[in-house]
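**Student:** Chains as they are written, first to last, in my numbering: chain A, 1 to 114; chain D, 1001 to 1115.
It should be emphasised that the hints constitute simulated quantities derived from the structure, not laboratory data.
Values in this document were obtained by computation on a predicted structure and should not be read as measured data.
Ideal placement from N, C-alpha and C gives every residue a C-beta, glycine not left out.
Treat each hint with caution, since some may be false.
Distance ranges between label pairs, derived from CB positions [what the hints assert, rightly or not]: (1) D:1008 with A:71: 21 to 27 angstroms; (2) D:1029 with A:10: 37 to 43 angstroms; (3) D:1053 with A:17: 44 to 50 angstroms.
Below, computed lysine-lysine pairings styled on DSS-like, alpha-carbon distance capped at 25 angstroms [what the hints assert, rightly or not]: (4) D:1102 with D:1049; (5) D:1058 with D:1069; (6) D:1069 with A:26; (7) D:1068 with D:1058; (8) D:1068 with A:26; (9) A:26 with D:1102; (10) D:1068 with D:1049; (11) D:1110 with D:1068.
Listed below are several chain A residues computed to face chain D (Cβ distance under 8 angstroms; list not exhaustive) [unchecked claim]: (12) 16; (13) 70; (14) 108.
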Amino acid sequence: DAGVTQSPTHLIKTRGQQVTLRCSPKSGHDTVSWYQQALGQGPQFIFQYYEEEERQRGNFPDRFSGHQFPNYSSELNVNALLLGDSALYLCASSLWTGGSNEQFFGPGTRLTVL
Amino acid sequence: AQSVTQLGSHVSVSEGALVLLRCNYSSSVPPYLFWYVQYPNQGLQLLLKYTSAATLVKGINGFEAEFKKSETSFHLTKPSAHMSDAAEYFCAVSERSGGYQKVTFGIGTKLQVIP
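Start from the sequences and build out the full structure, keeping to the hints where you can.
**Tutor:** Spelled out as structure tokens, the structure:
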């Protein structure tokens, strides 16, 4: 049973560029959440997707957008990259109807903005 | 609004000593509580979770946590630290609000195990 997978593992971009990160949820899960984890910080919630729609959003600007596909996989897009966007981006999957919202995390994508 | 406070961003213990990592939460409804562990350059792995069943929760790798409603705490313990326990630990609270489950993480506690 494959867990949550993310690609790429590492990414280096320059300011102003755009980036797309990808996530495949754990088998049987239908909900994907994205988090940003800056160095020395806890994960900060970006947004959550279910049934191909954004259901919740954290305190992140519109430069951060996402998509969920019919197979439940998801993409995170960040436009006009800033130095402060450098972080580990974590994807977590869960079941929408899961009472406790237990989330399973992928290994993350390390984004460096120069 | 829910929140999580982890007391002590860094904790050092000797190998074989008791591990105690503190977590206090704030929630307007009965919460679900989690502890995750993160090893360097890896994602988060679930250690244990509280879902309103038993207040003493046992997890993987010998860790356990006790939910104390009166103290709004969910501290993580392990009787005897092992070198492999060196990692960062995150406490998280999840509650249902407006039809959605929202998860909030603490800032993390980095555990150092001294041989």
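**Student:** Now tell me if each hint is right for this structure.
**Tutor:** Results for each hint:
no.	hint	result
1	D:1008 with A:71: 21 to 27 angstroms	violated, 42 angstroms
2	D:1029 with A:10: 37 to 43 angstroms	holds, 39 angstroms
3	D:1053 with A:17: 44 to 50 angstroms	holds, 48 angstroms
4	D:1102 with D:1049	holds, 15 angstroms
5	D:1058 with D:1069	holds, 17 angstroms
6	D:1069 with A:26	violated, 32 angstroms
7	D:1068 with D:1058	holds, 15 angstroms
8	D:1068 with A:26	violated, 32 angstroms
9	A:26 with D:1102	holds, 19 angstroms
10	D:1068 with D:1049	holds, 14 angstroms
11	D:1110 with D:1068	holds, 23 angstroms
12	16	violated, 27 angstroms
13	70	violated, 22 angstroms
14	108	holds, 5 angstroms
The structure shown violates the earlier hints numbered 1, 6, 8, 12 and 13.
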